[in-house]
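Those protein sequence lines, which keep their order, are chains A and B. To convert, count from 1 in the first sequence and add 694; that's my numbering. To convert, count from 1 in the second sequence and add 472; that's my numbering.
Think of the hints as simulated: they come from the structure by calculation, not from any bench. Please note that the accuracy of each hint is not assured.
Partial selection, computed: residues in chain A whose CB lies under 7 Å from chain B [said to hold, decoys possible]:
#1 Leu716
#2 Ala719
#3 Leu745
#4 Cys747
#5 Gln748
#6 Ser758
#7 Met759
#8 Asp762
#9 Arg787
#10 Tyr788
#11 Gly789
Restricting the straight-line Cα-Cα distance to at most 30 Å, the calculated cross-link-like pairs of lysine-lysine (DSS-like) are [to be verified]:
#12 A:Lys795 x A:Lys734
#13 A:Lys795 x B:Lys499
#14 B:Lys508 x B:Lys538
#15 A:Lys733 x A:Lys795
#16 B:Lys536 x B:Lys508
#17 A:Lys724 x A:Lys734
#18 B:Lys508 x A:Lys734
#19 B:Lys646 x B:Lys538
#20 B:Lys508 x A:Lys795
#21 B:Lys646 x B:Lys508
#22 B:Lys586 x B:Lys538
#23 A:Lys733 x B:Lys508
Ideal Cβ placement from N, Cα and C applies to all residues, glycine included.
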Amino acid sequence: MRLFLALCMLLYCTPLMAQTALPPAPYADKQLDDPALEKKASDLMLTIRCLTCQSQSIADSNASMASDLRSQIRERIAAGEEPEEIRAWLIARYGDWISYKPANDPILWPLWGLPVLLLIGGGLLVVGRIRRAKKRDA
Amino acid sequence: MKGRWVLWLPFAVFLIFAGLFAGGLFKPDDRVITSKLIGQPLPDFELPQGATDRPSLASAEFAKGKPRMLNIFASWCVPCAAESGHLITLAEAGVPIDGIAIRDARDDVDGFLKRWGNPYAHIGLDARSEVQLSLGSSGVPETFIVDGQGRIVHQHIGDIRADDVPELIAIWRKAQ
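Only chain B is shown next, with the shape it has when bound in the complex (with noise of 0.2 Å):
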């Protein structure tokens, strides 16, 4: 009879659902929420003094010629005890390193950086995650490239680790 081969399409519209669904079951699980900002300018913002001897952070800071890197992090978050080596690294090696720190309070950003060390040139305060959210960031650490323009141009998600100091550099240099 013809049209016999019309019986097995919903079979086989079954086995692709079956195939796609088996795929999304082994695929890897991705949480990693990037910004829509990048390649787009820094978004405007004026935060209170963040620590107690660094002067307080403006937008305007990233948009005078040379490119910046602009860490979020904060005092209560251990990931960004871990890679406050590796931004000492990065300042070390001639990166100026601007930070955010998220609801946070002066006295804790002190102690923080009193034990960990100050890679930062200057420290603003986002008690309410204001900034944060208007960077598109969705957690802390989180580290920004910003070039001379003011246009954010990488965005580097969870902690700096030993072998991204190179490429972070690098993105840096470019960015010039």
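So here's chain A without its partners, still in its complex pose (with noise of 0.2 Å):
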């Protein structure tokens, strides 16, 4: 019994060294009451990447920079704001990285355009093979 209790008394430990003392930002971790404004703001925050944690998004990451970008988002999608005007915002500050949606740069053109030629070449090989054999065929 005194072992199970220690173990659970395990369980409970908060870490000695917090990164910060301050409690999270009001909207960090509470959803704003209007559900559309609400989907709104939790979309933006999938797509957006968390400076600390940097292969997660800030709506996946606890860092204290993550949720203070989450309120900050929260605050200004319930205060009239667009998703992609607040993207654009980061943008101009951190660059495309901070960004998870894929940009259209010219310099990723190709990489768009890519798909759609190998489909035109893969189509045309394979009229070529089918008119082949039926001029066999015939």
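These two chains come separately, so use the hints to put the complex back together.
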């Protein structure tokens, strides 16, 4: 029994050195009351990269900077700002790096165009093969 | 047969990609995200007082004709304590330094300054990282050099080490 209690207490050990002593910002982990606005905000959060835990979105991260940014995004959306305006604001400060949403810069056009080109090329190959096969059969 | 070389094309493409991926694997990892605001005006802000014996900080302080250093720090940040000695060296060399304490409380900042020294002329309190985010700063500590017109000319990411001090002074002098 004593061992069990000790184990339970181990489960409840708080870290000695927290990142910051302040409580999280008001809307860091609290949803907006309006479900439509909350959806706008959370959809944006899922595509904004966390600066501290660089492989996570700010929606997934517990880092204090990510929670501050979550709260800021919710408050700005509630104040009537559009998600893409906030994304542009962040990109102006941190570069494309901050956004998980694929951009359509001219440098990326080959990447977008390649599947189409491959499809056309493949289609031509298939058409050629079918024609040749028909000629052989005839 | 003509056109035989085409058969080698997929293999060649494979080799190109393999080379690219191998290059990516062995390239040193770079996690530093620099601010895109370098060369641009400092965003407007007005912060509450961060320490009891220093005035508060507003962006207007940086457009008064003399270049200043803006240090992003926090009392809970260990590398910030490590760089404080070098900030004091910079302040003694005549560089005016203002501080922004991130996610902090005034009592904690007071304690931090008492323990590690106070190189700051003004200290603002950014309790919810708002100014930090508007600066394009990605962590603590970070140091910006702002020229007399309020334009950001340099960003130093991470703690200032002894060998960074002469370079920072040179950049600050150049911004005059």
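Okay, the hints, checked on the actual structure:
1. For Leu716 of chain A, the interface hint holds, the least distance from its beta-carbon to any beta-carbon of chain B being 5 Å, beneath 7 Å.
2. Given the 7 Å rule on beta carbons, the hint for Ala719 of chain A holds: about 5 Å separates it from the nearest Cβ of chain B.
3. Taking 7 Å as the C-beta contact cut-off toward chain B, the hint placing Leu745 of chain A at the interface holds, the least distance being around 4 Å.
4. With 7 Å as the threshold, the beta carbon of Cys747 of chain A stays out of range of chain B, its nearest partner Cβ sitting at about 11 Å, so the hint is violated.
5. A hinted interface residue such as Gln748 of chain A counts as satisfied when its beta carbon comes closer than 7 Å to some beta carbon of chain B; here the least separation is about 6 Å, so the hint holds.
6. Checking Ser758 of chain A against chain B by beta carbon gives a least distance of about 6 Å; that is within 7 Å, so the hint holds.
7. The closest approach between the C-beta of Met759 of chain A and any C-beta of chain B is roughly 6 Å, which is under the 7 Å cut-off, so the hint is satisfied.
8. At its closest, the beta carbon of Asp762 of chain A sits 4 Å from a beta carbon of chain B; the interface hint therefore holds under the 7 Å criterion.
9. Interface hint at Arg787 of chain A: satisfied, since its Cβ lies 3 Å from the closest Cβ of chain B, which is below the 7 Å cut-off.
10. Because the closest C-beta pair between Tyr788 of chain A and chain B is about 5 Å apart, less than 7 Å, the hint holds.
11. Checking Gly789 of chain A against chain B: minimum C-beta separation of about 5 Å stays under 7 Å; hint holds.
12. A hinted pair counts as satisfied when its Cα atoms are at most 30 Å apart, and Lys795 of chain A with Lys734 of chain A qualifies at roughly 15 Å.
13. Proximity of Lys795 of chain A to Lys499 of chain B is assessed by CA-CA distance (about 25 Å); at most 30 Å being required, the pair is judged to hold.
14. Between Lys508 of chain B and Lys538 of chain B, the direct Cα distance comes to roughly 23 Å. Compliance with the 30 Å bound is thereby established for this hinted pair.
15. This hinted pair checks out: Lys733 of chain A and Lys795 of chain A have alpha carbons roughly 16 Å apart, not beyond 30 Å.
16. Distance hint between Lys536 of chain B and Lys508 of chain B is fulfilled; the C-alpha atoms sit about 23 Å from each other, no more than 30 Å.
17. Of the supplied pair hints, the one linking Lys724 of chain A and Lys734 of chain A holds, its CA atoms being roughly 14 Å apart against a limit of 30 Å.
18. With a CA separation close to 26 Å, the supplied pair Lys508 of chain B and Lys734 of chain A stays within the 30 Å bound.
19. The hinted pair formed by Lys646 of chain B and Lys538 of chain B meets the criterion: a straight-line CA distance of about 11 Å does not exceed 30 Å.
20. A C-alpha spacing of about 19 Å is found between Lys508 of chain B and Lys795 of chain A, which places the hinted pair at or below 30 Å, so the restraint holds.
21. Restraint check for Lys646 of chain B and Lys508 of chain B: satisfied, since their Cα atoms lie roughly 21 Å apart, inside the 30 Å limit.
22. A threshold of 30 Å between alpha carbons decides the hint, and for Lys586 of chain B with Lys538 of chain B the separation of about 28 Å falls inside it, so the pair holds.
23. For the hint pairing Lys733 of chain A with Lys508 of chain B, the CA-to-CA distance comes to about 29 Å; that is within 30 Å, so the pair holds.
Consistency with the previously given hints fails for number 4 only.
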